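With chain A fixed as given, assemble chain B with the ligands onto it according to the hints.
One letter stands for each residue in the lines below.
There are 2 protein chains.
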Amino acid sequence: MSDKRIAGPEIERLIQLLAKVPGLGPRSARRAALAMIKKREQLLEPLAAAMSEAAAKVVVCSNCGNVDTADPCSICTDPRREDATIIVVEDVADLWALERASEMSVRYHVLGGTLSPLDGIGPDDLTIRALVDRVSAGAVRELILAVNATVEGQATAHYIMGQLDGTEIRITRLAHGVPVGGELDYLDEGTLSAALRARTGF
Amino acid sequence: MSDKRIAGPEIERLIQLLAKVPGLGPRSARRAALAMIKKREQLLEPLAAAMSEAAAKVVVCSNCGNVDTADPCSICTDPRREDATIIVVEDVADLWALERASEMSVRYHVLGGTLSPLDGIGPDDLTIRALVDRVSAGAVRELILAVNATVEGQATAHYIMGQLDGTEIRITRLAHGVPVGGELDYLDEGTLSAALRARTGF
Ligand SMILES: [Zn+2]
Ligand SMILES: [Zn+2]
Numbered sequence: 099m100s101d102k103r104i105a106g107p108e109i110e111r112l113i114q115l116l117a118k119v120p121g122l123g124p125r126s127a128r129r130a131a132l133a134m135i136k137k138r139e140q141l142l143e144p145l146a147a148a149m150s151e152a153a154a155k156v157v158v159c160s161n162c163g164n165v166d167t168a169d170p171c172s173i174c175t176d177p178r179r180e181d182a183t184i185i186v187v188e189d190v191a192d193l194w195a196l197e198r199a200s201e202m203s204v205r206y207h208v209l210g211g212t213l214s215p216l217d218g219i220g221p222d223d224l225t226i227r228a229l230v231d232r233v234s235a236g237a238v239r240e241l242i243l244a245v246n247a248t249v250e251g252q253a254t255a256h257y258i259m260g261q262l263d264g265t266e267i268r269i270t271r272l273a274h275g276v277p278v279g280g281e282l283d284y285l286d287e288g289t290l291s292a293a294l295r296a297r298t299g300f
Numbered sequence: 099m100s101d102k103r104i105a106g107p108e109i110e111r112l113i114q115l116l117a118k119v120p121g122l123g124p125r126s127a128r129r130a131a132l133a134m135i136k137k138r139e140q141l142l143e144p145l146a147a148a149m150s151e152a153a154a155k156v157v158v159c160s161n162c163g164n165v166d167t168a169d170p171c172s173i174c175t176d177p178r179r180e181d182a183t184i185i186v187v188e189d190v191a192d193l194w195a196l197e198r199a200s201e202m203s204v205r206y207h208v209l210g211g212t213l214s215p216l217d218g219i220g221p222d223d224l225t226i227r228a229l230v231d232r233v234s235a236g237a238v239r240e241l242i243l244a245v246n247a248t249v250e251g252q253a254t255a256h257y258i259m260g261q262l263d264g265t266e267i268r269i270t271r272l273a274h275g276v277p278v279g280g281e282l283d284y285l286d287e288g289t290l291s292a293a294l295r296a297r298t299g300f
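Each protein sequence line maps, in turn, to chains A and B.
With our numbering, letter number 2 in the first sequence gets 100, and the count goes up by one each step, no holes.
With our numbering, letter number 16 in the second sequence gets 114, and the count goes up by one each step, no holes.
Bound conformation, chain A alone (with noise of 0.2 Å):
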């Protein structure tokens, strides 16, 4: 593939851009440029004023590590939501996979990674100091401990449950069913959804 320039440097550098997103490889980092600038009004306008708006808004929730634009989430503050039970995921990702999955009216809780020492993060890096201070407050009945079928997702796991030692709340974990290995987030909706119901206890 030759380095051609084929348009004005705006447009490179939106398709240079667009190629960075997940997704989006060179080639249709390309047609979707070009599928923007065609749809100025439909597409690329409100595009670029989500984007600008969401860039502007997105907050961390304190209580519970989510993204939104609210802080506490939309998920902390929906009233219709039992607050009796906390699932406990890595990443923003794994919550929306577990929502879009789930018939739960739950609350959930961040860490924002795992315990990895190679890599120098250990629990303080992690919100599992906030986790153990939101369990403290009384109204969690259950700890689904949601994280990833990986050797660092389990050691979380344990290390949460250490730090809760002691308390009567009941800790579990997703159903096998999850591939071992796996991430959560590239499962299919009806495989989490079954791992969700028939959670055991460790």
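Identical copies carry no separate label here, and so any pair may be met within one copy or between two of them.
Straight-line alpha carbon distances no greater than 25 Å define the calculated DMTMM-like cross-link-like pairs of lysine to aspartate or glutamate that follow: (1) Lys155 - Asp169; (2) Lys118 - Glu139; (3) Lys136 - Asp283; (4) Lys136 - Asp176; (5) Lys136 - Asp222; (6) Lys136 - Glu108; (7) Lys137 - Glu110; (8) Lys155 - Asp223.
Just so you know, the hints here were simulated from the structure itself, not pulled from any lab data.
Predicted model, so just to flag it, every value in this text is computed and none were measured.
Structure of chain B with the ligands alone, referenced to chain A:
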């Protein structure tokens, strides 16, 4: 899939708009939105700015029909390209594809579609008159009609040839190698490049 709201309206709107981008479905739109939100400074803000700038500056070249941020476009004003050859394409996407595939440094003419009586698209809905004017100006020696290998594309090519009847200009088409019924924009660059080198007379 449930239609539960998983985030504030600004993020939902961003996801909805991203899902309209060719190459991104609803699921990859969510993944893309989340990746952008997490990389606010490196991705979300620069993309928003690049889209705003493109939306404000993009124009259709009044000479050749290309889209760019200048009129005449950067291809029409490039002094290193030879004026003797014009490649005629249906769409800007075809121009981009040929530019990537070819070593030729020539000019282009974007028709903006094909003749399609059933859809009410006649010669005046395309840039055929402007093309004839460009040819009449005298510098052009060869017109490569790189229209799609579809019925409408071939009909459009024949109409253009009729309009140029009696001129001395050489009119060629892409070599067979372009799949019958295929769209230029989806071809690999090797095929496109070979088809361009082996172009034939009508
Ligand atoms: Zn929250
Ligand atoms: Zn031009």
